[in-house]
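Participant: Each chain is listed here by its residues.
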Amino acid sequence: MHISTLKLNIANKIYVVILAALTLATAYRILQYKSWDRYYYDVSASAPASFPVYIRTANLILADGDESWVRTNSVNDGNPYWGYGNFEDPDTKERLPEKLVLGYASFRDKSFYADTIPLPVEALKNALKNGYSEIIVGIANKGNIIIWMRNEENELVLLKHQIKPHEPVGDDTYYERRLSKKEYFENVFRLDSASLEDFRKGVDKDANYIDTPSLFTQRLTN
Amino acid sequence: MVTEETSGDLELNRQSGISMLLITGILIMVAILLSIGNSTEDEQIYQLALLCPVLTILLGIYTFTYRGKAFLLSRVVFFILLVLSLLSLFSLWYLIELGKAYAH
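Taken in sequence, the protein lines are chains E and Z.
Count along the first sequence from 1, add 38, and you get the number used in my numbering.
Count along the second sequence from 1, add 1, and you get the number used in my numbering.
It is worth saying that the hints were derived from the structure and are not from the lab.
Be a bit skeptical, because a hint or two may be false.
[To be verified] Listed next, the in silico DSS-like pairs over lysine-lysine satisfying Cα-Cα at most 27 Å (straight line):
id	chain 1	residue 1	chain 2	residue 2
1	E	K202	E	K243
2	E	K45	Z	K70
3	E	K180	E	K219
4	E	K243	E	K220
5	E	K51	Z	K70
6	E	K51	E	K148
[Claimed, not checked] Okay, the calculated bits of chain Z under chain E, using three or more residues with CB under 8 Å as the criterion:
id	segment
7	29–41
8	62–76
By construction, the Cβ of each residue, glycine as well, lies at the ideal position given by its N, Cα and C atoms.
Pulled out of the complex, with its shape left as it was, chain E reads as follows (with noise of 0.2 Å):
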C-alpha cells in the first residue's frame, strides 16, 4: 500500500474538519430537540357563559423550559361556551407542558386569581398517546380549574385545583394603562345589558360548574 494513501491534503483537512463539527452540531441537535418526547396537541381556555372572565395570562412552560400559549379568544371575547374552547390543528410538535401559568379576572366576584398549576405530565403523556390532542382549561367559579383532554369521542379529565381569589396589586388592572380595580372590570369586560341584567338577578348563582360536565361530555351521552 501506497504510503500516501493515508494522506489528505489540505482542502480535504478543512472538509474534514467541517464535517466533524456539523456532526457534531446535529447529533447536539437531535439530542435536545428529542423528537421521540414531542406531541401534537393545542390547549385552549373555556369558560361558562354565566360566569365570565378575563384572562390576562395563560402560558404553558413546557419541558424544555419553551413557553407556549393557551388560547383564550372565546373567553376574552366574550363567547365563553362551558367545556369549549377555540382550537387548531397544530402542525408543529411541541415538547410535554409541564405546568400552566394562569392569571384572571372573574365579572362576578370582581376577584383576580392567578397561580401556577403543576400537571400530572405522565397522565398527559398516556392521554396524548391516546390521541387525546385538545387540552381544556376549563375556569369555573369560585377560582376552580378544570383541565380536559379530548379526542374526537372521549374526554377525561385530567386534573383539579382551586386557585385563592386575591386584590390586584401592580399590573394585575393594567389595560392599556394601570386602572382601578372598578375602571379594569369596565373595560375589559363587554357584557350586553341582557346578562348583566341576569347577573343582578343572581341567574346561575349557586351553580358550581367544577362538577358540571362539558358541553362536549353532556352531547354524548344525550
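Got chain E; can you put chain Z on it based on the hints?
Facilitator: Just chain Z, lined up with the frame of chain E:
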C-alpha cells in the same frame, strides 16, 4: 513504469475524489441539521439565502486546490455559484432592509 507526473496525477485525482465525497457528506449533514426542529418562515429564508454562499466557499476551496484542465468544470460551476451567492446575499440584504421599513 509509472512516471512521477502520472503518479502525481493519480494522487491529485484521488485527493479530489475524496474532496467530492467530503463535500457531498457536508451537504447531506447540512440538510439533516436544517431539517431537525421547527424553523420559522424567517429562519427558512435565512437558511435558503445562506446555503448558496456556503456551497460557493466549499467549492471555492476545491477550485483553488485542484488546478488544471481536468477541473475546468469545477471552475465554471464555482463562478456560476459565486454570482448566485452574491445575488442571494443581496436579496437577503434587500429583504432585511425592506423589513426595517415596516418596523414601527
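Participant: Does each hint fit the structure? Answer for all of them.
Facilitator: Hints versus structure:
1. K202(E) x K243(E): holds (18 Å)
2. K45(E) x K70(Z): With Cα atoms ~24 Å apart, K45(E) and K70(Z) stay inside 27 Å; holds.
3. K180(E) x K219(E): With a Cα-Cα distance of about 19 Å, the restraint between K180(E) and K219(E) holds, given a limit of 27 Å.
4. K243(E) x K220(E): Roughly 21 Å between the alpha carbons, so the hint for K243(E) and K220(E) holds.
5. K51(E) x K70(Z): holds (24 Å)
6. K51(E) x K148(E): At roughly 70 Å apart (the allowed maximum being 27 Å), K148(E) and K51(E) break the hint.
7. 29–41: holds (count 7)
8. 62–76: Held - the segment 62–76 of chain Z has 4 residues with a Cβ nearer than 8 Å to chain E, which meets the minimum of three.
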